[in-house]
Structure formats: structure tokens, C-alpha cells
Amino acid sequence: MVRKLGLLTYVARRLILLIPVVLGVSMLIFAITMCFPPTIRALLYIRNPQALTPENIEGVIKKYHLNDPFYIQYFTWLAQVLQGNLGWSQTASAPVFSAILVRFPATFEIIVFAAPVIIILGLYLGIQSAVYKDKILDHITRSAAIIGWSLPSFWFGFILMAVFYGYLGWLPPGRLTREVQHFVDSSQLFTKYTGLYILDGILNGQLAVSWDAFKHVILPATVITVIDIALIIRVARSSMLEALSKGYIITAKAKGLTQKEVINKHARRNALIPVTTISGLLVASLMTGVVITETVFGFGGLGSWAAQSAQQLDVPSVLGFAMFTAIVFVIANLIVDVLYAFIDPRIRLA
Amino acid sequence: MTTSSRWEEFKASMQPRIKEWKFMFKRVQESPLSLVGIAIILGFVILSALSPVLAPPPYADPFIIPRDEEIAKLSPLPTPPTIEHPFGTTDQHYDIYYACIWGTITAFRIGITTVMVALMIGIIIGVAAAYYGGLADEALMRFTDIIIAFPGLILAMALVIAIPTVFTLNVSFILVVIFGLTTFFAFITRARMKIKVILLIIFIAVLASVLLYPLNLRFSLNNLDKVLITLWLIGWPSYARVIRGEVLRVKNEDYIEAAKAAGTSDLGIVIKHILPNAIYPIIIMASLDIGSIVLTAAALSFLGLGAPPNYADWGQIIQRSRNWIGRELIRYMHVFLIPGIFIFVFVLGWNLLGDALRDVLDPTLRRR
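Order-wise, the sequence lines are chains B and C.
Going by my numbering, the residue at position 336 of the first sequence is 336; the numbering climbs one at a time, nothing skipped.
Going by my numbering, the residue at position 204 of the second sequence is 204; the numbering climbs one at a time, nothing skipped.
No wet-lab data here; the hints were simulated from the structure.
Note that the structure is a prediction, hence the values are computed from the model and not measured.
All C-beta atoms in this analysis are idealised placements derived from N, C-alpha and C, irrespective of residue type, glycine included.
Warning: the hint list may mix true and false statements.
[Stated by the list, open to error] Here chain C is said to cover these stretches of chain B; the calculated rule only asks that three of the stretch's residues, wherever they fall, bring their Cβ under 8 Å from a Cβ of chain C:
1) 14 to 26
2) 86 to 96
3) 146 to 156
4) 263 to 277
5) 294 to 304
6) 324 to 337
[As the list claims (entries may be wrong)] Listed below are the simulated DSS-like cross-link pairs for lysine-lysine, each with C-alpha atoms no more than 27 Å apart in a straight line:
7) K133/B <-> K272/C
8) K251/C <-> K135/B
9) K22/C <-> K133/B
10) K260/B <-> K246/B
[Claimed, not checked] According to the in silico footprint, chain B covers these stretches of chain C (three or more CB under 8 Å from chain B):
11) 138 to 152
12) 220 to 232
Produce the complete structure using the sequences and hints provided.
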């Protein structure tokens, strides 16, 4: 009972601490919007394409007090944001909020394939590399991690595409082959339940669609995995090294436990704790990775949309996306912290 | 005190530090990977020093890539490597060899200036937060948290498009800011300044701003400048956090109390006693970030937000390959392959050195 209460108060405290950070994020985004003239800022308040004419924009500027001092504008803007109105995206020809919702499943599809591999394989390699420190395996893993860390993701993506599509013709860019996309968009036989085409294909009994979608996901997911796995390997290795040097490991060894028991029962659990904290950082890294890899492969998700918007100076889209990622990142960190407290009682009792 | 005894004192005070450096040097020597890293970085330094010889610039601004306009008119498609263009040309016939060589200087410029400016901002904010504590600490660190709450590249994308192309600064405005900051710092550090001096400063500020009011400085920024400014603005929070921790560690040492008792001003304590004891880890950490900074800048260029199309920058050349996403990519592979190798090796050099140094510097892992 005490344990449960402790965890609950901890979660409540963390939730309250979240408010200033989220407010801060909104203020920073607002400060960035203030760099633009009122005619561009007006786009942040528009909900439909009819309002894009110059006269209507004048009306928007008047209606939302866009020539007033910044503190008045902040509250009118915040009220809009809280209603889910992030402005009009010219790149997507839709309101920013719905543009994000429509594109999110595509991006999620890549992450679903990349993240488990990154975490499980990264942990395994990092821990093995620490256990066999300065052995061949350690050297190979560390070199591979450094190489992955140094690879420009767009360059690596281009190489993979040149080989697997340009040369071998196996794994095409884009999200679906054109005919399949046409089928998915217009056929009566296909309902988009989730927007995740692999899952939708199975739900609709159209396995050909799932297979096609899967072929398109492999390369982007590979690029993200290779780039991000280095982060987990590095942290897992160093925290495992630290755990192995603790007094209780020596005690465990002195008790006569085998190497395997010492590592599995005593060292590994303690080494996992720092890795949980780094998972928050992994979310940020995935978000960034998605922007670049989706652009490389022409994969129509959130990332490529954001990149395209930035290039076309579509301010509401870029800022909406930035705010979305910041909120996701903050929530991910919250979940990590709660998990962390769940694993390690010292945290919540402190 | 005579000079020689001062020298002796200085030598004695430097003893432990020299011993530390010798130890670090020995550890670095023992690790072959870090030696490879050093060799790579030295190679790039030599390459950038020799760039006027290796690729003589045809225009006054050496960073403008030369281009065969005659051939470009005939066909805009890239040409593979020839004797005249050892690395081939991009579409519109920009010479890739020239771009790669001069791109080295661009990379160093981006990396080094970003590290220096971000470090300066980070040190000022981190030290102020830790030294003054209380409300200042809370406010500055929450601000840091907010910047960290954004994935770097995505905040950079938003900032790059937000920075205006023409930047007008009023000279009198700058003067007022400078004078204001001086007075503020004098006030904060409780320097024993007479009221007369402060009034004089204010008088000069007002006079100067009235006289100089019509003067404006106009900066026109190209996209690369915007990338630089953006990287400065988003790079500092991690340094601020680390230096804050270090200062908090040092702050309560006895020698700081002694310096306070001796009547040293706050600024004096920070500069003479706190910084020298807190700054080394962060300087090394920051300088090794050059690799990842160059990677971020290249990513921005790749997204079409970085250097202008005729500017010698590695990421910008690779970005041109986006025109042939699909089967054609393999035919024009040289366009992205060669500049990419430059970026990769450059970043690899810094990361190899950084990885080795982190092990050497981390007190929990060393001497084992």
C-alpha cells in the first residue's frame, strides 16, 4: 500500500511539473511566430482555404489583434491552440492539426519496426560488449557503434536506395507502389481502419497491400536503426561496466556464483536503469531521424511533410510539427520517469 | 615578490595539472582508435590549409563553386568523373572536387564557431545559475529545459525559416544595450562604483544614442549564416547544464570562502577561482561535439535549408541528389557518394577521438 501511494504521489508531482514545461514550449513557439510579419502570422488562425485572400487576411489580423502587444496576442493564440487550431497548412492543403493526424500512422509504421530492434539489439550488444571488455566482440561492437553514429543518415539512405532499388530493384522508395496506392485510396474493398497500411491490409484480407507496404518500410527503418542503435549500445555498455565494478558483484563472485549468474541476476538489472533514462533521448533522435529518412525515401509521413513545409516556408506547418514533437518528447520523458520510479524505488522515495 | 619566485609558485601550482595531462596523453597514446581520430582531423586541417593550392579559386569569393556554363546549356545532367573534374560534376555542372575541398573549410568554420559561441552562452548561463542560485537558477534552468524539450534538428528547422534575411540593427540601440549590460553587471557584481560614474555612463549612453540615432547597421544573411545562428542558439543548453553542475561542486570549497572573505568581487571569484576548476571537462566535451554539429548542419543543407546552391558545402551537394530519388540514383551516384565520404570521415574522426577521450576523462572508469 505504501509502495503504491508513493508511486502515485510521484506521478502526480511529475504531472504538475509538466505544466510549466509545456507552457514554456508554447511560449518559445509563440516567440518564433513573432519573428514573422502579421500577414504570415494570420495563417496561424485560419481554418479554411477561403480565408487565404488578402482581404480576409486583413480581417483575421483585426479579429485576432495581430497588431497588439505580444502579451495580448499570446493569450489569443494560446486559446486557439488549446482548441486544436494550429493554423492552415498550405503544403498539405488542410488544417495543420488534421494534417498531423493523417500523416502520423505512416511515421508510426517506420518507428514500430525500428524501435524494438534498436532497444533489444542495442541492449544485447552493449551488455555483451561490457562483459567481454577489450575482447574482439567489444572492439567490433564499439567500432560499429561509432561508425553508425558518424554516418550522415541521408547519405546512408541514398546508398541503400541506390543498391536495393537502383541496382537490385527490390525495395522501392515511397510509401506504396502507385497501383497499390490507387487501390487503397479508391477501392470499395479497402477500408482504412488505422492508417497503418500493413495492419489495414491484414484487416481487409488484402495481404498483397501489406506485403507492398512492408517492402517500402524496410529501408527507412534500417537507416533509423543503424543510426540510433549506437546511442543505446554506448549507454548500455558504460552502465554495465559501472555495474560490474560495484561491491555487490565482487560479493556475488566471492559467494561462488558462476559468471552467468552474476551477470544475469546481479549486474544486468542495475545496468538497465540508466538505459531507461536515455530512452527519452531516443524518442527525440527517432523524430529527427524520421524527418531525414522520410525525405530521402519520399515516404509520405510526418517527417517528409515537415521538411517540405520548411523548404516552402509554410510557417504554421513547421511550427505545428515542432510543437507536436516537443509535446511527444515531453510525454515520452514523463513515461520514462514513471517507469524509472517503478523500477527503482530509490527515485520515488527521494 | 620577485619574478622567479612567482614563476616557482606558478610551476608548483601547475604540477598536478601537468601530471593529469601527461596521464591523459599516455592513455590517448595507448588507444589506437583515438590516434586514428587525431590523424583524420589533422588530415582535414592540412587539406583545408592547402585548399588554395589544391583547388585554385577562380572567383574573388573562394566559396563560390566554379561551373561550366557552356556545357550546362547543352545538358544540365551531371557528368561522371573526368580528368578535368576528378569527382565529376553535379547537375548544372558545378565541380564536385572544388566543392569538397573548400567544403572542408566550411565544415571547420561551422563546427568551430558554433562550439565557441554555444560554449560562451552555456558558460554564462550555467555559471550565473549555479553561482547566484535561488530564483536565477530556477529561471535559467527551466529556460534550458524548454530548449532541450525540442529535438535539435526540428527546432533548427523552425528557427532557420524564422530568422529574417535582412537584419537591421540600430547603432544607438546596440550602444544602449551595451551600456545597460555594463551597469547591470556592475550592479550585480557589487563592484564599488561611485554613483557619479554610473550617472556619467548613463549620460554618455543617452548622448551617443541621440547623436547616432539615424545610423543603422544592415546585415543581409544568406542561408548559411542563418544555419550558423540557429546552431548557436540551440547548441548551448547541454553545456549550461554540465557547467552548472561543476560550479555547484566547486562553489562550496574552502578556497572560495577564503576569496570571499578576502573581499574579492563576485566576477573576480568566478573568473579566477571557479572557472579554472570547472571548465576543462566542458571545453573538451564541446570541442568533440564539432562532428555532430557538422552532421546537423549537413542535415539542414540536405533538407534545402542550408548553404545556397553555388556554395562549397558538402551537405548542399548531396542535397542535389534528391532530384533523382528512384532508379536514376545509381547512374549519378558520384554526386552524393563523394561528398558523403568527406562528411562521414570528418565526423568519424571527431567521434573516434571523443569516444577515447570520454573514457580517459570519466573519473569513474579511469585508472582501472
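Hints, one by one, checked against the model:
1. 14 to 26: holds (count 4)
2. 86 to 96: violated (count 0)
3. 146 to 156: holds (count 9)
4. 263 to 277: That given contact is violated, which follows from only 0 residues of the region 263 to 277 of chain B lying within Cβ reach (below 8 Å) of chain C.
5. 294 to 304: holds (count 4)
6. 324 to 337: holds (count 4)
7. K133/B <-> K272/C: Distance ~41 Å between K133/B and K272/C Cα, so the pair is violated.
8. K251/C <-> K135/B: Cα-Cα ~42 Å, so violated.
9. K22/C <-> K133/B: holds, 25 Å
10. K260/B <-> K246/B: Within the cut-off at roughly 16 Å; holds.
11. 138 to 152: holds (count 9)
12. 220 to 232: violated (count 0)
Of the hints listed earlier, those the structure fails to meet are numbers 2, 4, 7, 8 and 12, in rising order.
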